[in-house]
Amino acid sequence: MAHVLVSPLNWGLGHATRDMPVIRTLLSHGHEVTIAACGSALSVLRQEFPDSRYIEYPDYPVPFSSGHLFVPKFCAALPFMLHAVAQEHATLEAILVKDPYDLVISDNRLGVFSDKVPSIFISHQLHYHLPLPYWPIEILAILVNQSLHERYDRIIVPDNPPGPLSLAGKLSRPQTDVARERVFFSGLLSGTRQIACTQDLDYLVVISGPEPQRTFLEKIILDKIRDLDGTGVVLLGDPKRPKATSRSGDWTCVSYASTEEKVELMNRARCVICRSGYTTLMELAELGKKRALLIPTPGQTEQEYLSWYYEQKGWYHSQVQDRLDLADDLEITRRYRGFPEMPKTTENTKRLYDELLAGYLE
Amino acid sequence: MDDLVVSGIIALVILYAGIVLVAYAILRLAGMMVQAFLAGNFLFFCGIVICIGAAVLAYVAMGLWLRKTGTI
Chain A
1 MAHVLVSPLN
11 WGLGHATRDM
21 PVIRTLLSHG
31 HEVTIAACGS
41 ALSVLRQEFP
51 DSRYIEYPDY
61 PVPFSSGHLF
71 VPKFCAALPF
81 MLHAVAQEHA
91 TLEAILVKDP
101 YDLVISDNRL
111 GVFSDKVPSI
121 FISHQLHYHL
131 PLPYWPIEIL
141 AILVNQSLHE
151 RYDRIIVPDN
161 PPGPLSLAGK
171 LSRPQTDVAR
181 ERVFFSGLLS
191 GTRQIACTQD
201 LDYLVVISGP
211 EPQRTFLEKI
221 ILDKIRDLDG
231 TGVVLLGDPK
241 RPKATSRSGD
251 WTCVSYASTE
261 EKVELMNRAR
271 CVICRSGYTT
281 LMELAELGKK
291 RALLIPTPGQ
301 TEQEYLSWYY
311 EQKGWYHSQV
321 QDRLDLADDL
331 EITRRYRGFP
341 EMPKTTENTK
351 RLYDELLAGY
361 LE
Chain B
1001 MDDLVVSGII
1011 ALVILYAGIV
1021 LVAYAILRLA
1031 GMMVQAFLAG
1041 NFLFFCGIVI
1051 CIGAAVLAYV
1061 AMGLWLRKTG
1071 TI
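The listed protein sequences derive, respectively, from chains A and B. Everything in the first sequence is counted per this note's numbering, starting at 1 for the first residue and increasing by one. Everything in the second sequence is counted per this note's numbering, starting at 1001 for the first residue and increasing by one.
Since the hints were made in silico from the structure, they are not lab data. Be aware that one or more of the hints could be misleading.
[Said to hold, decoys possible] Straight-line distance between alpha carbons at most 25 angstroms, and here's what the computed PhoX-like set of lysine-lysine pairs gives: (1) A:Lys290 - A:Lys170; (2) B:Lys1068 - A:Lys344; (3) A:Lys170 - A:Lys313; (4) A:Lys243 - A:Lys224; (5) A:Lys224 - A:Lys290; (6) B:Lys1068 - A:Lys313.
These figures come from a predicted structure and were not determined experimentally.
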């Protein structure tokens, strides 16, 4: 039995939820898992794996902007992030001195690697996409990424290999020899699962992501759902509010839903309206949802790229937040065909364990 | 010092030096254009405008070419 340290980044719940199937697989093979995280990521994993050991392990704040100045603000935040990453790395060394570990798995935490213990990095972004005017920074980021990837023994990319089934497009394409030598395409990894239920909801609206854009979208959506025919649920995704449910006609508004409640609602929905965050998209793929409307968070270049990419592929319709016309946009979603069939999480985690993790643990 | 910090600092220095250089070049060119305009040297003024236009076109074309070839 081996001892594994799993450490997801706490920028939203996406990193924590996609690590759930990996942790579940490790536990099912009899390994001990210690989870090192902070904030909501730690809370969610604590709920899901109450018997595991936990370490409160702070990471760094999200440098998202409130408007369309993501890139300049991100550049300005880089020195602080570098300092935080160096601190994060020093903390890891202290953790590794206290307890013996056989493997370290970092989900997008750049300082979580070690020379003494095999270290694996999980990321769907081997390449950062920036708007065209910033192309020199995009090239610089390739070099920076290469330097980061060198510190890990392997990189797990929760995506299908580059090709017609790639969910992350150019973001998951390895562009340096360092990445090509280390990469393992696991296929999608999602914390959600298909459950047997009838699809009795016409729409599920998931309003998530960083503030203040979450609130802006909430206002836009609540103002426009009255124009829609059919039943629907709006998940406000705001854990700070007291848990409350309100009804208006055929629509229900829920301030916050637990992971289990969200899984059930997603399974029941015929059409999902959500941000184009990568974890949410993996959930759509896992559940085989054919109809969705994607609304990228303004200024988040990754979400904007994924929205554009899916439009090009004919998988899902996207609309920018400020130009959202819910009735028209939902009609357009009927012309899209959803993700093609692809291997699901259960199959992917089995392959991930057999072909990669077992080599470090058995 | 940790080599993570060293390589990070090098990348940041390159990034910020690039931003400072571009900002300096923009200010310098703006100053030259104003001087040329006030001095009535319209040929020089137009020359600078054409050079800026060509540089912007080359910059955008380079970005598009890198996108098209899959480099970025």
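Here is how each hint holds up against the structure:
Between Lys290 (chain A) and Lys170 (chain A) the CA atoms are separated by roughly 23 angstroms; this keeps the pair inside 25 angstroms, and the hint holds. About 32 angstroms separates the Cα atoms of Lys1068 (chain B) and Lys344 (chain A), which puts this hinted pair outside 25 angstroms; it is violated. Using a Cα cut-off of 25 angstroms, the hinted pair Lys170 (chain A) and Lys313 (chain A) holds, with the two alpha carbons roughly 13 angstroms apart. With a C-alpha separation of about 23 angstroms, the suggested pair Lys243 (chain A) and Lys224 (chain A) falls inside the 25 angstroms cut-off, and the hint holds.
In summary, the hint linking Lys224 (chain A) to Lys290 (chain A) is supported, as the alpha carbons are separated by about 23 angstroms, within the 25 angstroms threshold. A hinted pair counts as satisfied when its Cα atoms are at most 25 angstroms apart, and Lys1068 (chain B) with Lys313 (chain A) qualifies at roughly 17 angstroms.
When each numbered hint is compared with the structure, a violation occurs for hint 2 only.
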